[in-house]
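S.K.: Sequence:
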Amino acid sequence: MTYKMKPELPIGLQSYFDHGFSIIPFKDGQKLPLLPWVQFQKTAAGIGRVRLWASDYPDCNWGIVTGEVSGIVVLDFDTEEAEAEAKEFGLPETPMVKTPRGRHYYYKHPGQQISNATGLFGGMDIRGDGGCVLAPPSVRFSSGGEELSYEWEVGMDDMEFAKLPDWVPEVTANTQSSESTDPGSEKPVDIESYTKAVLIEEMDTLMRTREGERNDQLNRSAYSFGQLIGSNAIDRVSAEAILEFVGAQTGMEGNEIEPTIRSGLNCGITSPKWEEEKPKPMFEMLTVDQVLAMERPKYLVEGIVTEESLAAVFGEPESGKSFLALDWALCIASGVDWLSKRVLRGGAVYVTGGEGVFGYNPRIAVWKQNNPSACTDNFRLVPSAVDMTNTASVQGLVDSIRYYGIDNPKVIFIDTLARSFGSGDENNASDMGRFVRGADLLRSSFPGSSAIVVHHTGKEGARGLRGSSALLGALSTSIKVELKQGRKMRISCDKQKDDERFSDLYVNLEPEDLEDDFGYSSCVLVPANDNRFIEEAISNGPIIKNDNDQKAHDVLRKFGPSGTSFSEWRKACGIPPTTFKKVIKRLVAAGHVEKQNEIYVVSEISELTKILKGTLDPVADPED
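Counting from 19, one number per residue, gives the positions in the sequence shown under our numbering.
Straight-line distance between alpha carbons at most 27 Å, and here's what the computed DSS-like set of lysine-lysine pairs gives: (1) K105 with K116; (2) K359 with K502; (3) K359 with K515; (4) K502 with K569; (5) K513 with K316; (6) K60 with K45; (7) K600 with K576; (8) K126 with K105.
Calculated from the structure, these hints are not laboratory results.
Computed from a prediction, not measured in an experiment: that's the story for all the values here.
Please model the complete structure; the sequences and the hints are all you need to start from.
M.R.: Quick look at the structure:
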């Protein structure tokens, strides 16, 4: 079976991409790029990146980078007089845009360097190599707030691009541009004016930044100011005074303002705005101030999995681990809370391993049935196996993710490790190391992303993850999934490197029929009703039928919530070792006893069941 999806660009931009234009986003209603764009003067952004921009900035303006990269040169007329004068030299008919002040004439790039020039004929600019123009459907606003649009007067489908008039290269060869098309790429002629513009823009951005993001923005603004200090455009005292004032106006405290400003300025000074750019070193180095200014990691799923991490969800076969992973993926992609827990919305990619692909159909359909308004455009399912131990295979996955329009996913699920391990041996530390490196390569290709691996327990479930311990050592988070009573799922934390371990969670796998004509059904995850679970446990018969089992259970309970070791427990019971091992096995299998590392404790559910039956009074708190 062949799976093919055709990526689509936002409405109005497809024709630009078809013509090979380099496209970049601009601020809403303005002529200011939203991001550094020097690289796009040489290479056009791919379809996936443009789609991501459109998703992140739905109301932005759009610009076309002129020059050889797009194959065009644009003559920008701001006055009718300049346009009339240019026609005397020769102005062939060509695709043309009506702008708020005049017209843009689009011509073929001649294949030779065409510099940018401004102020010709009293109102004409030439946008050549390294230039950029706003394009339809962009808008700007007048001083009175009136919306002024960019519209095609003669469309690209109506007429081919004409040859650039011969006089244009002659003009550009003898004319020096009076402004920089990219303030960050070369030193502008009017440093003072540009500096003022940067100061105003950064201050405005700071004032509009939401609470919780102000510290990061202050650091970025300080960095920009530091670049200007390094270029001798402003002095440090003035920069610090401006930043401290604006920071205070936003409600930030002095003890967080000063170190943030200091670290940002210091970093910016080392990268002056108008010095020749130095090659970036291989390894980043952080100052003490930068380390101390770091925020705690954000949660991908509130309280459970952090962003920018490698995590594992593991359990026995048919324990519901894939249901859980898929549920997270769909919630993250759509921004839907997972069982009242907030998620960090972003692209989600789910690698199935190539087996049982159709089984995901009813699962996703039931999820959509319960979340009818959720937008899952940022979700992608990979219906084939990916060898995570093979660098070429991992790179192929990276390229595929970008091709299908998710340039920077928040999370990538690998289900399961066994299906993504190639010919390696899970028990071999070297082979497992290659898997981990593959996962790290995947995450590093998409800054800020996490990878979550679905895996199995070992032969003895209590021993945790199957295979080499090299995996556990590399994980930030390890989550165990167990299915009890047929549909009740317990989710517990085996490892949480960046925060405290979360308390056990209980959810139910509830069967649900699809509202279609095919009779398919699946399950949904819902918060567990503990009382119902306890009642079901009681209805299944006596809690413990064997006398030795009951004795061992009662003895263990006396050790309290901290439990005890195998030897101490057996000694207190007085049960022969061989018999005692069988007792433990039965108690653990029935859910009455849990093993935590080398310590045995009475199960919470077992205690609650006894309390409900009236056979045991609740244990008093030692502090009571």
